[in-house]
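Each chain is listed here by its residues.
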Amino acid sequence: MNGVETLLSPVILFFLLGAVAAFVRSDLSIPEAIAKGMSLYLMAAIGLKGGKQVAEAGFSIEILVAAGVGLLLSLMLPLPAFALLRRLGGLNRTDAAACAAHYGSVSVVTFVTGVEVLTAAGMPPAGYMVAVLALMETPGIVVGLLLARQAGGSAVAGAQGSRLLHETFFNGSVMLLVGSFVIGLVAPKDALAQTLPFFDGLFRGVLCLFLLDMGLIAARRFRDARAMTWRVAGLALLLPIMNGLIGVTLATLAGLEPGSAAALGILAGSASYIAAPAVVRMALPEADPGLYLGMSLAVTFPFNIIFGISLFSLYAVWIAP
Amino acid sequence: MNGVETLLSPVILFFLLGAVAAFVRSDLSIPEAIAKGMSLYLMAAIGLKGGKQVAEAGFSIEILVAAGVGLLLSLMLPLPAFALLRRLGGLNRTDAAACAAHYGSVSVVTFVTGVEVLTAAGMPPAGYMVAVLALMETPGIVVGLLLARQAGGSAVAGAQGSRLLHETFFNGSVMLLVGSFVIGLVAPKDALAQTLPFFDGLFRGVLCLFLLDMGLIAARRFRDARAMTWRVAGLALLLPIMNGLIGVTLATLAGLEPGSAAALGILAGSASYIAAPAVVRMALPEADPGLYLGMSLAVTFPFNIIFGISLFSLYAVWIAP
Amino acid sequence: MNGVETLLSPVILFFLLGAVAAFVRSDLSIPEAIAKGMSLYLMAAIGLKGGKQVAEAGFSIEILVAAGVGLLLSLMLPLPAFALLRRLGGLNRTDAAACAAHYGSVSVVTFVTGVEVLTAAGMPPAGYMVAVLALMETPGIVVGLLLARQAGGSAVAGAQGSRLLHETFFNGSVMLLVGSFVIGLVAPKDALAQTLPFFDGLFRGVLCLFLLDMGLIAARRFRDARAMTWRVAGLALLLPIMNGLIGVTLATLAGLEPGSAAALGILAGSASYIAAPAVVRMALPEADPGLYLGMSLAVTFPFNIIFGISLFSLYAVWIAP
Amino acid sequence: METIRRRRIEVLVDAPLARRVVDHALAVGIAGYTLMPTLEGQGGSGHWTDDQLSGAQSKLMFLSVTNAAKADAFVDRISPLLDSYGLVLLLSDVDVVRANKF
Amino acid sequence: METIRRRRIEVLVDAPLARRVVDHALAVGIAGYTLMPTLEGQGGSGHWTDDQLSGAQSKLMFLSVTNAAKADAFVDRISPLLDSYGLVLLLSDVDVVRANKF
Amino acid sequence: METIRRRRIEVLVDAPLARRVVDHALAVGIAGYTLMPTLEGQGGSGHWTDDQLSGAQSKLMFLSVTNAAKADAFVDRISPLLDSYGLVLLLSDVDVVRANKF
Ligand SMILES: Nc1ncnc2c1ncn2[C@@H]1O[C@H](COP(=O)(O)O)[C@@H](O)[C@H]1O
Ligand SMILES: Nc1ncnc2c1ncn2[C@@H]1O[C@H](COP(=O)(O)O)[C@@H](O)[C@H]1O
Ligand SMILES: Nc1ncnc2c1ncn2[C@@H]1O[C@H](COP(=O)(O)O)[C@@H](O)[C@H]1O
Ligand code: NA
Ligand code: NA
Ligand code: NA
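Residue numbers (this note's numbering), protein chains in the order written: chain A, 1 to 321; chain B, 1001 to 1321; chain C, 2001 to 2321; chain D, 3001 to 3102; chain E, 4001 to 4102; chain F, 5001 to 5102.
This is chain A alone, in the form it adopts within the complex (with noise of 0.2 Å):
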């Protein structure tokens, strides 16, 4: 791992472009279309990879150990970040129970950079952590809506709650994301290898054009973002680094070798604005969005891209048995 090596990836340096040039007020944009485009198009992309690499692998144990590590952080997380976010961040138990529910769940972006960084490093995680990427997606925000339920929040309840489940659980990044996976498991490999000119040549190429307008986008949230507090940005600074750190040390003390250990602190420490935010302002109106996407979009998701990425691989490295 080489941090300045890192910081001057193109992917990362187009990161960087956008949040200039949102700082400085540029009027440069990329088409909402375009960026939802994109953004299927890298889901579809690691799924069928992340399917590929677990049938050339074959399933094993490991897989499940991964996955049961996953599962875990996913439920837990986003309890000390609820208890954190009331304390310390002084917010009300709907606004904490929302926020929760987004760090209890992942980014898949960050986790997509995260795997070209470790792959650069040459410790590239192993192909099944796609899966465990989309199986840690909705426990979370569950968790968090019943957090949100028990501190007497309106919206969760009966027919409702049924409703919402649904909404969870057949989110479209998760049905993309696992039905690609699938689709890359089961699929013959010489037909799989005729999209891959597409699905593999093209990636990097993309996730540059993304995250320059994830630059544009968290930086110009970063400027509307009034509803925070400085106390709850610094819990957006603190939480991914605490639950990135938790996450490395499960997976290694799991069996994991660095690279997915270090992909799975990589998941426990980034924080949704995909499948969470659509989810939570469904289940959750009363919650403020300002709040929600300002951490999890503004603070967080840079932190995790421009530092966060390197410091887990660096720990994962560094506590490997």
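No wet-lab data here; the hints were simulated from the structure.
Mixed in with the good hints there might be a few duds.
[As the list claims (entries may be wrong)] Selected chain A positions facing chain C (in silico; Cβ < 8 Å):
(1) L8
(2) R25
(3) L28
(4) I34
(5) L202
(6) G205
All C-beta atoms in this analysis are idealised placements derived from N, C-alpha and C, irrespective of residue type, glycine included.
Knowing the structure of chain A, use the given hints to seat chains B, C, D, E and F with the ligands on it.
For chains B, C, D, E and F with the ligands alone, coordinates are given in the frame of chain A:
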């Protein structure tokens, strides 16, 4: 031809993924602009490729034969379709004519998917079939509109008639297919070669994502299809089978080899859902779009993708002299 | 340089296809979001490529010379343009200044197409020309606005003036070009290489589809161009020829080799239709957009694509010492 | 500023038929119009969502402001088409400055 | 043509909550609606721009025309949600032909 | 629910000039606004279609609801610009709940 292998090709699996996502009411969706962009890409790519192949193979009498058979099919097929839709389907004359127009025209994506399947099975159709595809897009629509006019349909008369003919023949997809076919025909080989990473390398990958979207669209339309009776839905299965088998038979009698005969069957059996609906909505505003879009998009298209293509291919091999 | 071969290159043929489709009033159209996405892709790609080439070739005095000539051209060319538009064109001062700003700035797509043509003809311009392109986007616009201010145009004064300067220099296309140029300059070579299948492999193919759209846009604008008189249209042919020849001459005198001199001529002869119109609409709301967009987009752009590029290239070869 | 009362006409129309509505408007002397996009809807004939592939299912909102006489003329012209074209037609009052423009 | 006065209801709503607004409208017997896109806005709770990535920040304009009774019923149903959902609700008069449709 | 009458302001404006219209609105104390997309139109100065490449030809619909006094102040401010900016300005009545918001 191996049915199971075809079903497991990524292209078909992505189509099924889209359909499943729509049936479980996932919010997965591809921006309209991206879908349109992909369909333009696919048309330009097959146009270029067909033109290039004809330029390489040279003109031959076979091309004229195939064109003649294609033209004949698209002029004739609307007639039995119209009769069946009236008698068995119980549709009024305008609706029957509108639907007949769709079955007289062709589906570009069904053709493209068929070419992929045939090529994978080692029986690639000839390059000039793209020109036949372009030739078959419009005549069937015109015949359908004439059937409606004869039927006393209000719209097609005089000045409006000529405007409609214009809309039909200068339809965007026709222009793009014909235009790129000509470009593929006349452009210097080495200059064309430099566009291949885009137009050829990405083809199957883009087709995967496009069929994901078509799966979503077809299944959602199936759910919204309130106007369709069981008899009409049955016809939407019968017509492609009938037309496809007729197409393969005629093509084989005319001397085309099995790959091209299968491709002509796929064209004959397919129903338009890009060129025809826009023209028909304009020409026959009284016709119910729920009917013709429901038949062509929600029933015939999925049937052809999953079964029809394999059926016509097997039949073409079977009756080959 | 072979004129016929240039005209038959797929890039130019797709442009003609678009123009034909618009003239026969086909409904062929490319979604706005896709067009914008392609233009962002093209700018990022040439920025990266230019930066990479400069990183490989190293800085040289030649770069400063080319930059100096480019800067000089974009500061000077609006002046004779303004005079001609007033005298021969009969435009009022605001309209003349608005149009002059467009001719002082440059067209990225004309440049990109020119680079393709020059490279195919075996005389590729130097990589640093991308930096010159970025440098030439804004000064001409500023000079145009100053001409309008001197002319008593209402808009450019005080606080608004500084806001306008900001809009001009942090214009999205300038940011993206300069940003990706810098990324190409500083990013490690092997990391950049992994983005090449996207940024380099697809370049010509994307350019084909983009020019298809530009053909549609230019021809439709030509049809809507009611404000344009014959004299103005004539100037939209005269100005690119004049500016382009001046550009090539100066560049050759300054010692650039023919490829780069031709590229500088193409830049000088081109008129902006991405950066300039947005800024001018803001700065000079009284100026008629039908005029400046009509001139630059409907006349000068097609002229340059079809004739200008070849003309400046031939001239550059001819006067080369 | 003095404002003058005019009629605001809105017509929800399928994209392939929008040109026809525009032609009818121009035919009664209406001088300007604006088309706006829509995403989704439901009515007597079922549910639709925007579809840019064929455009057959896209709907546009036609908006025009004009004086009462021209608005009446337009409504008379377009009313027979409301059912067969599946149009929705809305009329309301609106105040404008620069009366001569509308 | 004879026109009849109806109520035009417009609700600006976050995309993930639009389905709820539609359900409330259908629940009071409203027969049709149209959703229109928006791009950007500002209000008491700050500034937003369209966001199609998660959709959480996108807003849609719900438009429906109905009779006064149903409009009132809808307003009564939706009013308690205005603050927590961050909705903007607008009501106005509109004239339509084919009164029975609305 | 009790509703209160307010003024609905709509301004059709070129995308590069939209920020100016917003600034004028904020300057007279208007608290909220929403921008909506448009696709195509025609008027005294000819025909246009949406253009996202440069944005120069795109038009947006600015929508704001406010009280009569602020609406008047806004109209007075913006009227001199109508011709040079090529704006279309529409005013109408609208009923809202939560009067204090508007
Ligand atoms: N009467 C009208 N009704 C609706 N939109 C209009 C009207 N007049 C003009 N517009 C819109 O405003 C734009 C500019 O108008 P103009 O300045 O008259 O060319 C037109 O292109 C239309 O989009
Ligand atoms: N009452 C209404 N309010 C708003 N939009 C409507 C209404 N009724 C119909 N529409 C729109 O008009 C389309 C066609 O209506 P219909 O012909 O009744 O199916 C619907 O899909 C809606 O988008
Ligand atoms: N007075 C207004 N006129 C038009 N749109 C408004 C107005 N107030 C609020 N909005 C819109 O409603 C959104 C939410 O409003 P608010 O809850 O006040 O933040 C804003 O971001 C605007 O898009
Ligand atoms: Na997490
Ligand atoms: Na057919
Ligand atoms: Na120039």
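These are the hints, each one checked on the structure:
1. L8: 6 Å, holds
2. R25: Hint on R25 (chain A): holds, closest Cβ of chain C at ~7 Å, below 8 Å.
3. L28: Holds. Min distance 4 Å.
4. I34: Given a least distance of 4 Å, the restraint on I34 (chain A) holds.
5. L202: Holds, about 5 Å.
6. G205: Given a least distance of 2 Å, the restraint on G205 (chain A) holds.
Of the numbered hints stated above, none is contradicted by the structure.
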